[in-house]
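Sequence order for the protein chains is C and S. Residues 571 to 884 in my numbering are what the first sequence lists, from first letter to last. Residues 12 to 293 in my numbering are what the second sequence lists, from first letter to last.
Derived from the structure by calculation, the hints contain no laboratory data. Just so we're clear, the structure is a prediction, and the values are computed from it rather than from any experiment. Warning: the hint list may mix true and false statements.
Partner residues are not named here, just some residues of chain S that face chain C (Cβ under 10 Å, in silico) [claimed, not checked]:
(1) Ser40
(2) Val77
(3) Met118
(4) Met126
(5) Ser127
(6) Ile135
(7) Asp148
(8) Glu170
(9) Leu207
Glycine included, every Cβ here is placed at the ideal spot set by N, Cα and C.
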Amino acid sequence: MADIVTKATRESFGEALCELAKTNEDIIVLDADLAGATKTSIFKKEFPERFFDCGIAEGNMVCVSAGLASAGKIPVAASFAMFATGRAYEQIRNSVGYPHLNVKIAGSHAGISTGEDGATHQCLEDVALMRTIPGMTVLCPADHWEMKAAAKAAIEHVGPVYIRLGRLAIDSFNDPDTYEFELGKGITLQEGNDITVIATGLVVNECRKACLKLKEEGFSVRLINIHTIKPIDRDIIIKAAKETGKIITVEEHNVIGGLGDAVLEVTSEECPVKVRKVGVYDRYGYSGPAWELLEKFGLTETGIADVIREELAR
Amino acid sequence: MQTTQKLELKKLACKARMGAVEGTFHAKSGHPGGSLSAADIMTYLYFAEMNVDPANPKMKDRDRFVLSKGHCCPSLYAVLALKGFFAWDEIKNLRHVGSMLQGHPDMNKTPGIDMSTGSLGQGISAACGMALAAKIDSLPYRVYTILGDGECEEGQVWEAAMFAAHNKLDNLVVIVDQNGLQIDGKVSEVCGIEPLDKKFESFGFEVIKINGHCFDDIEAAFNKAKETKGKPTAILAATTKGKGVSFMEDQVDWHGKGPNKDEYENAIKELQAQLEKLEGEC
Chain C
571 MADIVTKATR
581 ESFGEALCEL
591 AKTNEDIIVL
601 DADLAGATKT
611 SIFKKEFPER
621 FFDCGIAEGN
631 MVCVSAGLAS
641 AGKIPVAASF
651 AMFATGRAYE
661 QIRNSVGYPH
671 LNVKIAGSHA
681 GISTGEDGAT
691 HQCLEDVALM
701 RTIPGMTVLC
711 PADHWEMKAA
721 AKAAIEHVGP
731 VYIRLGRLAI
741 DSFNDPDTYE
751 FELGKGITLQ
761 EGNDITVIAT
771 GLVVNECRKA
781 CLKLKEEGFS
791 VRLINIHTIK
801 PIDRDIIIKA
811 AKETGKIITV
821 EEHNVIGGLG
831 DAVLEVTSEE
841 CPVKVRKVGV
851 YDRYGYSGPA
861 WELLEKFGLT
871 ETGIADVIRE
881 ELAR
Chain S
12 MQTTQKLELK
22 KLACKARMGA
32 VEGTFHAKSG
42 HPGGSLSAAD
52 IMTYLYFAEM
62 NVDPANPKMK
72 DRDRFVLSKG
82 HCCPSLYAVL
92 ALKGFFAWDE
102 IKNLRHVGSM
112 LQGHPDMNKT
122 PGIDMSTGSL
132 GQGISAACGM
142 ALAAKIDSLP
152 YRVYTILGDG
162 ECEEGQVWEA
172 AMFAAHNKLD
182 NLVVIVDQNG
192 LQIDGKVSEV
202 CGIEPLDKKF
212 ESFGFEVIKI
222 NGHCFDDIEA
232 AFNKAKETKG
242 KPTAILAATT
252 KGKGVSFMED
262 QVDWHGKGPN
272 KDEYENAIKE
282 LQAQLEKLEG
292 EC
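Taking the hints into account, I'd like the entire structure generated from these sequences.
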């Protein structure tokens, strides 16, 4: 197992773009005055002639990207998830999604782990919004290595992609020597038969720690990491529903419209089992240090383990 | 401009207007008013200005056109059909189920459409992206986009204008079809946009004001735009909504409805008479 890399996925993404751009001249990166924060500044430094700051004008940035893509470029438009997918939702829907243009939207500072900036900047709706756009691929990588692989897959995939990036530095848990990323395929991180936990993004590692602990306590908990929320891996969900009979979904997102609902859409049609959604319960966040907020919202190891125990006892 | 070329353009524009009327009649909906006001400019673009090839609509170094005021596609479709991108017969299927001619332009369904548009304010940004791509690749192609004057109320138009000037997109020509009317009434009464020339100037554009129905004016403006270096050009074209069909001219009611059978026949009769008069001048 390689050493643990502690890094925010925004930074991993910025690095990945630089590596990919060395061999792919079509990659163009755009930002809306947040390059320092989204970490596209890493790309800007290395490829200034392929970086365009659009200023604080997200709607224009998305449509400029659409125009670039129509001319054969692979534009990556980055901003905070809130403004990229919220402010510019309709631009993404009509000028990127509808013509199915090869634009990559990178939404950084997603979730409550954005921290001190508070509710206006803690995007809890981006996955829901992007999931409703036909043909949009939605990615939410969980650590440094997964983000690097996801960035590569996003660039190689022809069509619109939304990729969710976090602000908070988190520990890696994947082993780069053995890790394999396949678009649309979930990854079973721990086998188990009593219950399944399905998680995405930053909280996957917290779930991993919770599941290990429960394993030590003698419970058989299956853990699945869903890095591609759309198109979702139906097979892995149906199998888990059939074999374990109960599912808990965990995400740093509103429980309305995110991973939990994506899982429910599959189970309700194919194998109706109880699905308990853990996330942010239809409310806004607030200011505070990221880990404190995650703790408050029950999205760390302890809170997640408590919910799993509760469901196992029922 | 030579008299023969001007006459030819006038005839083509007249046919484009007939196509817009025919399409909106068969669709029982659509936007004839703004289609007719922009018909002369679109005709000029496709028959005298742009480097396009109907046999190869995706040609890499072609000039691009983005109809930012996407609802005025009935005349664009007619111009594209006249140019040979698809058969004229398609026009009667406008807005019908399964038609290649959607209510707003769809780049994946219609040959010759360079960008899907319809949501106002977005096309100009996409045009900026295309112009920027040409700059990045050092390709000589130019990008043209037509906006409505009402559309200039959209904030994104000005985000795009800032972007175009900042990036010195002198291969971009923004044409504003100033017919003075929008759905809710006169632009000046709904939410005035003037002074539009000063606005574009202050945003860093070369501004040219023309009569949008005069081919000499149109030609001179596009030629001046080509000579302008280091900044984008805005052509502010004074036009008449519904131009060419007397009962539609300057009538806000004709912004967004299809003609009934009588109206259709009368409109075609008027345009046919104009065409015959032009042919008599040959």
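Going through the hints against the structure:
no.	hint	verdict
1	Ser40	violated, 20 Å
2	Val77	holds, 8 Å
3	Met118	holds, 5 Å
4	Met126	holds, 6 Å
5	Ser127	holds, 4 Å
6	Ile135	holds, 8 Å
7	Asp148	holds, 8 Å
8	Glu170	holds, 4 Å
9	Leu207	violated, 19 Å
The structure does not agree with the numbered hints 1, 9 stated previously, though it agrees with the rest.
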